[in-house]
Amino acid sequence: MHLLRLNFAVAVSGFRRYATYRVATAAGVFTNTVFGFILAYTFIALWHERPHLGGYDQSQALTFVWIGQAMLASVAVMGGGFQDEFSERIRNGDVAIDLYRPVDLQLWWLAADLGRAAFQLLGRGVVPLAVGALAFDLALPASPGSWLLFLLAVLLALVVSFALRYLVALCGFWLLDATGLNALSTLLSLFFSGMLLPLTVFPGAFGETARLLPWSATLQVPADVLLGAQPGGAAAGLAFQTGWALVLLAAGRALQTVATRKVVVQGG
Amino acid sequence: MAEELAETLPRSPGVRPRSAPGAVLSRAAWGLRAYGFIAAMWVRSTMAYRASFAIMLAANFATTSLDFAAIMIMFAQVDALGGFALPEVAFLYGTSCVAFGLSDLLLGSAERVGRRVRDGTMDVLLTRPVPVLAQLAADRFSLRRLGRITQGSLVLGWSVLRLELEWTPGRIAMVCSMVLCGAAIFGCVFVLGGAFQFWAQDASEVQNAFTYGGTTLLQYPPTLFGKELVRGVTFVVPLAFVNWLPALHVLGRDDPLGLPGWADYAAPFVALLCCALTGLVWRAGLRAYRSTGS
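Residue numbers (the working numbering), protein chains in the order written: chain V, -1 to 266; chain L, 1216 to 1509.
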């Protein structure tokens, strides 16, 4: 109970911390909306040539674009969030302070990142999606049940995204300068989440493999759950996400145990 | 290197009283020279970590390649997009990417104005006898941005080989002018975005819509987009002059707005006009600067 209250408090402060920067949020909304329009027009041209590409009709494809823009900041497709801060604390040694706090390191950062993500989902997600829905004919579901399933899929997407970035950040214990690895992780996330193009459009075996990787749990699966296009139904999508979330969190925990044995605190 | 820079500073013409047009020119020349000094310093500092530099260069190259990979995947499914075949889209992609890459390399750091105002380091720039814009633009000058230019050049080169056009001197001149004028226009967008942050420090992301959004937009044929959008990037933010109008001329296609023929050659004048306007806005922004005092 105490643990739950503590992590909730951490999440709330993460939310409030990001909520402070209103101008930055408005700027982000503007940029997401502009990108949404650019992508939407290219998708219209693409689906005009091939009407049922990737199993979507045109309005589903457009919905995919705007869901992607709405979730971009929240699931940190381009990296960032707690990751930069945590990497920096590993690099400059402040992580030692985090380690002697009577809280769990992984849970602490997960709570903080979920707080940030919750704010960015509301602050940077709702307006672009609304603009997209006004400007284009989107295939948004009418039943509240589908939206609840979508929110659950988004929550799992946030956990998978956190778990992936936590693993990358932990590598900083060995590499010290994680800049190169961060760049690689952004690259993989951008391409294999479905942000540039839905993974269902990727051809053949390449596409099949891409849909099994953990990054597909961060955007492709939530979008498919909302569109009702998830093969095997929404439950299969949520199970896929839960599976990756558990595996990656466990891997993060194992790596953390090895990494913290490496920490040597100089002086007092 | 810092001592070397310090030795050169007292000779700056910036400290002399300026009034004559000659003084303006010599100040500009000094700004460029100072830019060179600061950029060279950053290059030397990056080269101290060669492995890290190589990784970042490769990452920059790979990240920009992803956009083209997405286009390739699209063309694996269709033969034409908006009536344009792959080599033609690659031509648009290449020109947009190289022009943007050049401006990002030379002026990309100008987007850090907001951060400097927030943490108070803008004051330091004002105390030095070097134009503030030169200092800002050269700050953290990073050669890893060559990754984007290289990737764009490769795609451009491939498209030039694949397009069945006769490469007359006129067409070659058009391509060179596209890259140079395009870089100037994008550069203006970077500096305007920086100037805007004197008024709205936290709004640095707005300019991403015009810089990164702009280069993405220009990678695709204008026939894909609504007429209002094309009008907007022709007459309001003149990105259409970076490559759309001249490229359509090179490819022998009509532009969707039906502009008069001279508009295809207008890019250099548009670029000059942009630079003049940007200069004025930058000065206004700098005058509006209030130190945060931290």
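What the hints contain is simulated information worked out from the structure, not anything from laboratory work.
Some clues are possibly wrong.
As the list claims (entries may be wrong) - Reference listing, derived: stretches of chain V covered by chain L, where coverage requires no fewer than 3 residues with Cβ under 8 Å from a Cβ of chain L: (1) 8 to 18; (2) 21 to 30; (3) 41 to 49; (4) 180 to 188.
Cβ coordinates follow ideal geometry from the N, Cα and C atoms, glycine included.
Results of checking the hints against the structure:
no. : hint       : verdict
1   : 8 to 18    : violated (count 0)
2   : 21 to 30   : holds (count 7)
3   : 41 to 49   : holds (count 5)
4   : 180 to 188 : holds (count 5)
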